[in-house]
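The sequence shown begins at 1262 in the working numbering and counts up by one.
Heads up, a few of these hints could be off.
[To be verified] Here are the simulated SDA-like cross-link-like pairs (lysine to any residue), alpha carbons at most 25 angstroms apart as the crow flies:
1) K1311 x L1330
2) K1339 x P1396
3) K1315 x E1376
4) K1339 x R1356
5) K1339 x E1353
6) K1379 x K1419
7) K1443 x K1472
8) K1443 x A1479
9) K1442 x E1422
10) K1472 x D1411
11) K1339 x K1311
12) K1440 x D1387
13) K1472 x Q1457
14) K1315 x Q1414
15) K1339 x Q1328
16) K1339 x G1378
17) K1315 x Q1405
18) K1472 x A1449
19) K1443 x L1464
20) K1311 x D1387
21) K1379 x V1404
22) K1419 x W1469
23) K1379 x W1469
24) K1443 x E1335
[What the hints assert, rightly or not] Computed spacing ranges between beta-carbons, pair by pair:
25) H1463 x N1318: 14 to 22 angstroms
26) Q1418 x L1333: 42 to 50 angstroms
27) E1470 x P1439: 15 to 23 angstroms
28) K1315 x K1339: 26 to 34 angstroms
In case anyone wonders, no lab produced these hints; they're calculated from the structure. Here the structure is a predicted model, which means the values were calculated and not measured. Quick reminder that beta carbons are idealized off the backbone N, C-alpha and C, glycines included.
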Amino acid sequence: MILAWIVAKCMAWLFHEPAPAPVKLPIAQAYATDFQAASEVSQPEKIVQKPPQKVLNNRVVLQAAQQSLAQLPEWQGKPLRVFQQVAFFDGERPRIELALQNPTQPESLIFYTYEQGKWTASQAEDVSHIKNLTPYLFDLNSVQFVQAADIGQTWQQKAQEVNAAEQTPYYVALVWLPKPKKLMWHTATLEATGAQYYLSCHLDGSVWEFKNLSTNSAVEEQ
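Full structure from sequences and hints, please.
Structure, rendered in structure tokens:
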């Protein structure tokens, strides 16, 4: 009987004993604890930036750029007529730049930039001060963007031949010459010790002219 009474008292004490008062932390410690808890809950995700998508040395990118331009909704069933040139860049900001004649307003141009796999257009620019745009236009389907990679390789070979300071191609442009009505490839100047060189190519990629600008003499010419 005595044992049963002791057990009953212990059970009553266990179930009716008031909970102990919360332990108060020092202010600094409490702030640190709250800050740690908040950081664990609302930690922002790290944004991983994609490296720039190279253009000049990537034939797949070049081909995709030309195809996707023709497939833009605003150009479905409309002729793509390029104004003067198509410029290809690598380096810190790889991209392609060109201007197209606005099919609904022929006296204006729409400038396009291809970067990181997509085309973006700027507002149409009025060029009515040019009385006749036609001599400065060429059809997009008459050229192949992938040729830019070949021109880049040729430029790199010439850069190695003259021991240029920069030997990685970073700029070429497909340029329309109105008077002879000819397309040609223009490239960046090659900077070497004590000399500068310039390379231009025919549309098919063969060398048109490779000359020393310092002496104005042709190193190679076709």
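To see whether the hints hold, each was checked on the structure:
no. : hint                              : result
1   : K1311 x L1330                     : holds, 23 angstroms
2   : K1339 x P1396                     : holds, 19 angstroms
3   : K1315 x E1376                     : holds, 9 angstroms
4   : K1339 x R1356                     : holds, 24 angstroms
5   : K1339 x E1353                     : violated, 34 angstroms
6   : K1379 x K1419                     : violated, 32 angstroms
7   : K1443 x K1472                     : holds, 20 angstroms
8   : K1443 x A1479                     : holds, 21 angstroms
9   : K1442 x E1422                     : violated, 32 angstroms
10  : K1472 x D1411                     : holds, 19 angstroms
11  : K1339 x K1311                     : violated, 34 angstroms
12  : K1440 x D1387                     : holds, 24 angstroms
13  : K1472 x Q1457                     : holds, 9 angstroms
14  : K1315 x Q1414                     : holds, 14 angstroms
15  : K1339 x Q1328                     : holds, 14 angstroms
16  : K1339 x G1378                     : holds, 22 angstroms
17  : K1315 x Q1405                     : holds, 17 angstroms
18  : K1472 x A1449                     : holds, 13 angstroms
19  : K1443 x L1464                     : holds, 8 angstroms
20  : K1311 x D1387                     : violated, 36 angstroms
21  : K1379 x V1404                     : holds, 20 angstroms
22  : K1419 x W1469                     : holds, 13 angstroms
23  : K1379 x W1469                     : violated, 32 angstroms
24  : K1443 x E1335                     : violated, 28 angstroms
25  : H1463 x N1318: 14 to 22 angstroms : holds, 21 angstroms
26  : Q1418 x L1333: 42 to 50 angstroms : violated, 35 angstroms
27  : E1470 x P1439: 15 to 23 angstroms : holds, 19 angstroms
28  : K1315 x K1339: 26 to 34 angstroms : holds, 30 angstroms
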